[in-house]
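Assemble the complex: chain A is given as a structure, and chain B must be docked to it using the hints.
Keeping their order, the protein sequence lines are chains A and B. Residue numbers for the first sequence follow our numbering, beginning at 1 and rising by one. Residue numbers for the second sequence follow our numbering, beginning at 1001 and rising by one.
It cannot be assumed that every hint is accurate.
Claimed, not checked - Below, in silico cross-link-like pairs of lysine-lysine (BS3-like), each with a Cα-Cα straight-line distance of 30 Å or less:
(1) A:Lys453 to B:Lys1173
(2) A:Lys299 to A:Lys231
(3) A:Lys373 to B:Lys1173
(4) B:Lys1249 to A:Lys299
(5) A:Lys458 to A:Lys299
(6) B:Lys1249 to A:Lys458
(7) A:Lys299 to A:Lys453
(8) B:Lys1249 to B:Lys1010
(9) A:Lys293 to A:Lys46
(10) B:Lys1267 to B:Lys1010
(11) A:Lys458 to A:Lys293
(12) B:Lys1010 to B:Lys1173
(13) B:Lys1249 to A:Lys311
(14) A:Lys372 to A:Lys458
(15) B:Lys1173 to A:Lys311
(16) A:Lys299 to A:Lys311
(17) A:Lys231 to A:Lys46
(18) B:Lys1173 to A:Lys372
(19) A:Lys204 to A:Lys453
(20) B:Lys1267 to B:Lys1249
(21) A:Lys299 to A:Lys204
(22) A:Lys311 to A:Lys293
(23) B:Lys1267 to A:Lys231
(24) B:Lys1267 to B:Lys1173
Simulated from the structure, these hints should not be mistaken for laboratory data. Bear in mind the structure is a predicted one, so any value in this text is a computation, not a measurement.
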Amino acid sequence: MSLAVSNGLDNTVERPGQRAPLVLGNSTFHSITESVCRISENPPSKLWVFSFLVSVHLATMLGLCILYLFYTGVGVWGNRSPVFWGWPIVNFVFWVGIGHAGTLISAILYLFRQEWRTSINRTAEAMTIFAVVCAGTFPGIHVGRAWLAFWLAPYPSLNLWMWPQFRSPLLWDVFAVSTYATVSLLFWYMGMVPDLATFRDRSKNPFRRAVYGVLALGWSGSSRHWMRYEKAYALLAAFAAPLVLSVHTIVSFDFAVSQVPGWHTTIFPPYFVAGAIFSGFAMVITLMVPARKIFSIEKLITIRHLENMCKIILTTGLMVGLAYGTEFFVAWYSQVGEEAFAFVNRAMGPYWWAYWIMISCNVISPNVFWFKKARTTPWIMFVVSIFVNIGMWFERFVITCTSLSRDYLPSAWAYFSPTWVDWAMLIGSFGLFFTLFLLFCRLMPIVNMAETKATLAKEMHMAHQDDTATPI
Amino acid sequence: MSHHHAVAPKPADDPAFTMPAMLSGLSLPLCVVGLIALVGGTFLGSSAVGGRFGMSAYLTAYMYAMTIAIGAMFFVLIQHLVRAGWSVVVRRVAELIMIMVVPLAVLFIPIGWAVWTGSLYVWTDAAGYQAEHHIPADAWAEKIRWLNPQWFTLRACVYLGVYCLIGCWYYSKSQRQDQTGEVTLTESMQARGGPAIILFALCTSLLAADWVMSLAPMWFSTMFGVYIFAGSILSAHCAIALLSFVLQKQGAMRDEVTIEHYHDLGKLIHGFVCFWAYIAFSQYMLIWYANIPEETVWFFTRYPGFSEDFGPISIALMVLHFGVPFLGIMSRHVRRTPWAVAAWATYILVLHFVDLYWAIMPEATVGSGGAMGVLASVLTVLGMVCLMLGLIVIVGARTRLIPVRDPRLAESLAFENI
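Same shape as in the complex, but just chain A (with noise of 0.2 Å):
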């Protein structure tokens, strides 16, 4: 239990009656400024230098392996008939899926007031937007002709003398991810600003003055500045909410439509929905776990952070269990041939590995969040976290490809094995998403420094009334 103490208080206990504090160790608003601006100002550390250089090499991958596929053409991939939709549209989903916790947190947690949020919005709403942006790759690159990617946008194209497809998911897909991404971009950054007023004021060099003082946009934090501030972020909050239900509903959108046996099933909208939350949070307690530690930033980001997030992963990965479950019993329910081979096809053809490790993984791992144990001690749920990533990828592989590569006609089977490139592409995405997470912990307020002050304020106001009056 070690773990969970800090500064001999266990946050994770809360008689009820009475509410654990979210900020240990007698923080104070000039210790929090302190421990969140040194990691900013400090010179990096050796880990984190060897860590962005294997991220940028990675990234660098990504690179020219996009130039390779310009150069030759998609078949580079592993793409062929039946399974034209192969690893690009996987990791698109995945990465799409990852990006959904720092909304979810930022605007759905903000509605219901659940002042845990505060320490933790900063870094899942970054890694949303990298997310986002490894996401926005794949299907840009997937269209051929990249250079004419622009062809997706709404417009009447005057090569073509006609409109996109407006009753394709595919360029609904194209709204969906284009306004999470403008949205999130701005929640994050407005949300940033009196942060970066911040690091503003503390700079001593120059150009970092110079370059956070255009960032901080004026921000004085005068009372005025901070109503209006208040109320954008409401309005934003209730903006983006629809749009974490909206965007994977779209994604699920682009299978379910189709007649494609075990693509369309009308549970998938909710069903990805879960599945994009479980996955998000997965990736911010394996970003969190590490990054806590690294940066000394245990008193802020609490071990009662990582439960509840612990708690949501447990939770979203029961209700896609749900869905799994669901999908099969209808499946059979229904007596339709197709669909109950695809199904059976999955856990028991070729793909059965595939099929077996998301199981594995999403279904039975989250399982030992049932015990607190797991869920206050960081390494145990990292090692989870990443079976949930895995077995996240592995969802959309099986929906994807085992799908594709046996629907109706025997005689068009195919398996589909994915070249070099796919998994160059695969790591090399890891790459960016990491590449720019490291620039973002050294250059930017990793935690919101202005609301968990807000927060530290309110619990010092509770402390000290239930020192006067009757304990409740």
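What follows is chain B alone, placed relative to chain A:
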């Protein structure tokens, strides 16, 4: 979470926490009138319209009460699971609605009887239905391994058993806390919330498939369980808000349930209106888009231009079950006006009936049954509602109307939306 300024709760035996006399006096008449209307409506449907109409009307009324009761159960479970503070003052009202699963388990008997006598579900006449619809023998043989009276009854007993178990356990623990104020009771209710919700989710998903989806035995939709759940959770929040309002009007818990609680209930109702629409739209859109005959058949029987009786209801649901309340409950002002929240809750509760009517009645294949049919359908559900209200008042008269010794009561009393 709220600022909790210490608010001293009233003593546990304060008269504000007992069932108002006016309502107590109504309980018996409500039960009697309700039972008569329920039985009368069902018989009217069977005799005046005939066929499976009467029992379909009974099933609609039954599902109406059941979905609200299990929605309230979900409310109770989730509030414990997330250790909510704001909702404590309305939790007893939710518990009273939840505990109706016990009388509803008894009221399932007519449906069980209908399954064995073949007067409700078409699959009960297995050979006839297969011949009539030219269903391949092997597919049908598999199908009736799931849809047969024995197995159906056994499953129904399991669902009802699980609901009664969860309902009674939570109800009795909450009652005991009223006496003793033990904090450990809250802890054990929290701890069992997770497993209880898993059982709840499994039962609700399968219940929707068994009791409603199997009315059209060859039709299937993986979303259907979620669809029933969406209506259930929405109508339960409405029922909680409405019942709290009525109790307050009669003088109970006037200082405890405040504008803040209505505001929160209003927000949740608005959210669940959107959730219902999201699920309903997704289910319809995916089936419409793929246009596979096995799936579109269900919507064809409800399609404008194909069904004179139910086509308009399909359109009405879109506008009245989503559009109107979406705009109506959007305003903060409305949500902070208790009577307006209660009025919208009533409105949605009516639409919830229309939703279930639309899901169930077309499968009786005799349309709306004309004026007598509509009368029978409405009479049945009104009877069910009166019976349930009567029973809620009877049970409520034996308990306090808020969990008077809940450790988070003070937090709930002081709750403020910021």
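**Message:** Lys1249 of chain B and Lys311 of chain A were given as a pair; does the straight-line alpha-carbon distance stay at or below 30 Å?
**Reply:** violated (40 Å)
**Request:** Starting from Lys1010 of chain B, check that the Cα of Lys1173 of chain B is at most 30 Å away, please.
**Result:** holds (21 Å)
**Prompt:** Are the Cα positions of Lys299 of chain A and Lys204 of chain A separated by 30 Å at most?
**Reply:** holds (27 Å)
**Request:** Please work out if Lys299 of chain A and Lys231 of chain A have their alpha carbons no farther apart than 30 Å.
**Result:** Satisfied, since the Cα-Cα distance of roughly 29 Å is no more than 30 Å.
**Message:** Check whether the Cα positions of Lys1249 of chain B and Lys299 of chain A lie no farther apart than 30 Å.
**Reply:** violated (48 Å)
**Asked** Under the criterion that the straight-line Cα-Cα distance not exceed 30 Å, is the pair Lys458 of chain A, Lys299 of chain A satisfied?
**Response** holds (16 Å)
**Asked** Between Lys1267 of chain B and Lys231 of chain A, is the straight-line Cα distance small enough, at 30 Å or below?
**Response** holds (18 Å)
**Prompt:** Is it true that the CA of Lys1267 of chain B sits at most 30 Å from the CA of Lys1010 of chain B?
**Reply:** With a Cα-Cα distance of about 28 Å, the restraint between Lys1267 of chain B and Lys1010 of chain B holds, given a limit of 30 Å.
**Satisfaction of hint between Lys1249 of chain B and Lys1267 of chain B, Cα-Cα up to 30 Å** = Holds. Lys1267 of chain B to Lys1249 of chain B sits at ~22 Å (cutoff 30 Å).
**Prompt:** Given the hinted pair Lys1173 of chain B and Lys372 of chain A, is their alpha-carbon gap at most 30 Å?
**Reply:** Holds, at roughly 24 Å.
**30 Å Cα cutoff - pair Lys1249 of chain B, Lys1010 of chain B** = holds (19 Å)
**Asked** Within a Cα-Cα threshold of 30 Å, do Lys458 of chain A and Lys293 of chain A meet the stated pairing?
**Response** holds (26 Å)
Taken one by one, the earlier hints fail for this structure at numbers 1, 4, 6, 13 and 17, listed in ascending order.
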